[in-house]
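Undergrad: These protein sequence lines map, in sequence, to chains F and B. Just so we're aligned: the first sequence equals residues 1 to 340 in the working numbering. Just so we're aligned: the second sequence equals residues 341 to 733 in the working numbering.
If you are wondering where the hints come from, they were derived from the structure by calculation, not from laboratory data. Take the hints with a grain of salt, since some may be wrong.
Keeping only pairs whose Cα atoms sit at most 25 Å apart, straight-line, the calculated SDA-like set for lysine to any residue is [as the list claims (entries may be wrong)]:
#, chain 1, residue 1, chain 2, residue 2
1, B, K719, F, R225
2, B, K522, F, E237
3, F, K240, F, A299
4, B, K669, F, L106
5, B, K522, F, G230
6, F, K240, B, I379
7, B, K669, F, H241
8, F, K240, B, R725
9, B, K719, F, L248
10, B, K669, F, E251
11, B, K669, F, F3
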Amino acid sequence: MRFAFDEDHVLFRATVREFLDKECTPADVRAAWSSHRGWSTDRWAMLAALGVTGLTVPERHGGLGMDELSLVLVLEESGRAGLPEPIVDTTAVGAPLLAEVGSDELRERWLRPVATGQAILGVGLSTTPYVDHAGSADLLLLQRGNEVHAVAPDQVTVFEQPSLDRARRLASVEWEPGAASLLANGDRAAAAIESAFDRGALAAAAQLLGVTQQLINLAVEHARRRVQFGQPIGSFEAVKHMLANALLQLELARPVVYRAAYSIARDMPERALDVSMAKAYASDAATLAGRVALQTHGAIGFTWEHDLQLWMKRGWALAAAWGDAAWHRTRVGAAVLPRS
Amino acid sequence: MDFELSPEQVAFREEVEHFLDENDDPEVFDVTRENMAQIVDTPKKREFMRKVGDRGWLGITWPKEWGGQESDGVYEYLLNEALARRGGPQIGKGVGIIGKTILAHGSDRMKKEFLPKILRNEVEFAVGYSEPDAGSDAASMKLRAIRDGEGWRLNGQKTWTTSAHFAEWYWVGARTDPDAPKHRGITLFLVPLDQPGITINGIWTMGDERTNDVFFDDVWVSDDYVVGELNRGFQYISEALDLERFTMFTFSPIEQRMEVLRDFVAAETRDDQRLGDDPVVRHEIARLATDCEVARVLGLRVVAKSMKGGPPPTTESSEYKLFATELSKRLADASMDIGGPGSQLRVHTEDAPMGGRAESTYRYTVIDTIGGGASEIQKNIIARRKLGLPKNF
Ligand SMILES: Cc1cc2nc3c(=O)[nH]c(=O)nc-3n(C[C@H](O)[C@H](O)[C@H](O)COP(=O)(O)OP(=O)(O)OC[C@H]3O[C@@H](n4cnc5c(N)ncnc54)[C@H](O)[C@@H]3O)c2cc1C
Numbered sequence: 001m002r003f004a005f006d007e008d009h010v011l012f013r014a015t016v017r018e019f020l021d022k023e024c025t026p027a028d029v030r031a032a033w034s035s036h037r038g039w040s041t042d043r044w045a046m047l048a049a050l051g052v053t054g055l056t057v058p059e060r061h062g063g064l065g066m067d068e069l070s071l072v073l074v075l076e077e078s079g080r081a082g083l084p085e086p087i088v089d090t091t092a093v094g095a096p097l098l099a100e101v102g103s104d105e106l107r108e109r110w111l112r113p114v115a116t117g118q119a120i121l122g123v124g125l126s127t128t129p130y131v132d133h134a135g136s137a138d139l140l141l142l143q144r145g146n147e148v149h150a151v152a153p154d155q156v157t158v159f160e161q162p163s164l165d166r167a168r169r170l171a172s173v174e175w176e177p178g179a180a181s182l183l184a185n186g187d188r189a190a191a192a193i194e195s196a197f198d199r200g201a202l203a204a205a206a207q208l209l210g211v212t213q214q215l216i217n218l219a220v221e222h223a224r225r226r227v228q229f230g231q232p233i234g235s236f237e238a239v240k241h242m243l244a245n246a247l248l249q250l251e252l253a254r255p256v257v258y259r260a261a262y263s264i265a266r267d268m269p270e271r272a273l274d275v276s277m278a279k280a281y282a283s284d285a286a287t288l289a290g291r292v293a294l295q296t297h298g299a300i301g302f303t304w305e306h307d308l309q310l311w312m313k314r315g316w317a318l319a320a321a322w323g324d325a326a327w328h329r330t331r332v333g334a335a336v337l338p339r340s
Numbered sequence: 341m342d343f344e345l346s347p348e349q350v351a352f353r354e355e356v357e358h359f360l361d362e363n364d365d366p367e368v369f370d371v372t373r374e375n376m377a378q379i380v381d382t383p384k385k386r387e388f389m390r391k392v393g394d395r396g397w398l399g400i401t402w403p404k405e406w407g408g409q410e411s412d413g414v415y416e417y418l419l420n421e422a423l424a425r426r427g428g429p430q431i432g433k434g435v436g437i438i439g440k441t442i443l444a445h446g447s448d449r450m451k452k453e454f455l456p457k458i459l460r461n462e463v464e465f466a467v468g469y470s471e472p473d474a475g476s477d478a479a480s481m482k483l484r485a486i487r488d489g490e491g492w493r494l495n496g497q498k499t500w501t502t503s504a505h506f507a508e509w510y511w512v513g514a515r516t517d518p519d520a521p522k523h524r525g526i527t528l529f530l531v532p533l534d535q536p537g538i539t540i541n542g543i544w545t546m547g548d549e550r551t552n553d554v555f556f557d558d559v560w561v562s563d564d565y566v567v568g569e570l571n572r573g574f575q576y577i578s579e580a581l582d583l584e585r586f587t588m589f590t591f592s593p594i595e596q597r598m599e600v601l602r603d604f605v606a607a608e609t610r611d612d613q614r615l616g617d618d619p620v621v622r623h624e625i626a627r628l629a630t631d632c633e634v635a636r637v638l639g640l641r642v643v644a645k646s647m648k649g650g651p652p653p654t655t656e657s658s659e660y661k662l663f664a665t666e667l668s669k670r671l672a673d674a675s676m677d678i679g680g681p682g683s684q685l686r687v688h689t690e691d692a693p694m695g696g697r698a699e700s701t702y703r704y705t706v707i708d709t710i711g712g713g714a715s716e717i718q719k720n721i722i723a724r725r726k727l728g729l730p731k732n733f
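Based on the provided sequences and hints, a complete structural model is requested.
TA: Below, the structure is given as structure tokens:
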């Protein structure tokens, strides 16, 4: 056992962090909120040049062919930066799903552009009915009952469902399944849907770690600077303990999320259980950290001008996406205590 | 001990409900605006509040001499809660805070000028305690008032003044004696907001509502508009904050959100299972329902202790405010969680569960544990006044 990431994972994370610090500032996230599509093709192209968008694409389709252990730290960084680009749906879920069930022709047609950042994927499963960036996706991978379909954007009607996080452009999608769009059915589809869902839940959990970290960073920074009653508010134990609790919750969530990444990467039998524990914990950590960060900031944190809301809303939204904490805890319950 | 309302009180509540049914108007009542719905910021809301005044319901607890009916505080409570439940304007500020403080400490001249207007809702107030460097520590406010003729000249800045952009009068604390201990050198003033020298800039919040920065540049105020005694302002502010903690932080919206959540759980099916049959969800609902009842009774205890319009008991109102607002957040967390994937959708979006209440409540309630004295400050008050623990600043 080795409770650490490989050196190249850590290096890659550092590269991504450095890039995001420069190219995905709070001002950039804010710009995405008010932009037409909600994300930037330029920044996506730069992420592609770093190798991020091809991370999960098999090597023979022009990607790096890496697994979730490589991806998880990158996703965490993307959460820390509040990255608006569709890294969860395209990189964490869509590409592996297409690689798994796509026809040779479809894989050839789509995975290369995904790796080079020229195409993004949208994913809609029955458990996650609101498709992120459905309006700008180049190909939609959709579940219908026990089938997986690949549908072109011009064959669907998109109903916008505005998210409280304006960088996430959610929509419900209406479409007619047909033989031409069918990728898989039966057991093969069921297995693919489950692993796609687990990948999405892991990705959301990993992003939530980064979101939580950023919420805590912002709050700690404020607690150091803001003076009331002649002292920095961070010197009051009520504030200190509140922040320490939030940090503790994050520290508890982190190894569970890494564990889930490992289980997916190695396709362990307890994969679903590990993912559910991770997502439930990470959602709770982000919810708590959002509450604590706002409480620490006082009124200033409630304003539109302050950056805090960018992460609070991302945290709230991701907590509700890919299975909320209650849903995942129920799945944990079913796994550890099956019904007779 | 008697937990029941008297027949007269029940009749009053029914009369109020009937009146509200008759005056039902989505521009006046909007539950999705949560705590900001209470503000009387449009002509329609003003007109509605004037009608409430015409019924004799504003200042119902006030002395007859000043236009009141000397009724028990419970009537005011019933009225305010009924308004709050529908997301309507509330009586907290004019009647509950400013009117009561003027009644207790104002000059006869001030009573004659303001009390009748408050009872007919002909005047809106903004409340200015907070400044950029004086939030929880309101006693450190710096807005300066310097003696000038038969009045005072004010310079400086306030922030988070919620109603400043539509109110007529500003209920504002200023430092009149910089050499006294910080809470002994503050005086309360009433300042007309349309004066030259006052600049009001909007600040928009996560709850999509407006609050304001207010700047004073040589604004003159006559001695007639000094509230009560000079340099006693912070004492009045503290009393008024005790009032605010239970008149502005009403219980019935919490109760209503509990009902919305319960009805959602009862009706919704997920993964072929009725949510209402899920033991985890049932457990959560049971706990929240219990805590709602606790909050309701805590609120009633404050009302019972402050009958006849007297000042409310300090620690009891702190306990109520602390528990009710923290419960509000827990209820919002549970609604988001139980609401499932639709919880991330904005209010008024087609698919949003509970009519989007989960999302909008989530955004609004974050501030309840900060405004009106943060939870940590309530705990300090309880620890100091009820447990006698020492101050550390
Ligand atoms: C929407 C909105 C409307 C408002 N309307 C008005 C209004 O109309 N008029 C008005 O005057 N004000 C208004 N306020 C201001 C409100 O009263 C203040 O926000 C509140 O007093 C807290 O001050 P602050 O925001 O500066 O937070 P701070 O005082 O900076 O507090 C930040 C954090 O530090 C903690 N803290 C501070 N001191 C201590 C301590 N001694 N011990 C432990 N913890 C401590 C707090 O609990 C909080 O968690 C409004 C605020 C909002 C958000």
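Undergrad: Could you run down the list of hints and mark each one as holding or not?
TA: Checked hints:
| no. | hint | in the structure |
| --- | --- | --- |
| 1 | B:K719 - F:R225 | holds (23 Å) |
| 2 | B:K522 - F:E237 | holds (23 Å) |
| 3 | F:K240 - F:A299 | holds (18 Å) |
| 4 | B:K669 - F:L106 | violated (47 Å) |
| 5 | B:K522 - F:G230 | holds (12 Å) |
| 6 | F:K240 - B:I379 | violated (34 Å) |
| 7 | B:K669 - F:H241 | holds (19 Å) |
| 8 | F:K240 - B:R725 | holds (23 Å) |
| 9 | B:K719 - F:L248 | holds (23 Å) |
| 10 | B:K669 - F:E251 | holds (23 Å) |
| 11 | B:K669 - F:F3 | violated (37 Å) |
Checked against the numbered hints listed earlier, the structure breaks hints 4, 6, 11; every other hint is satisfied.
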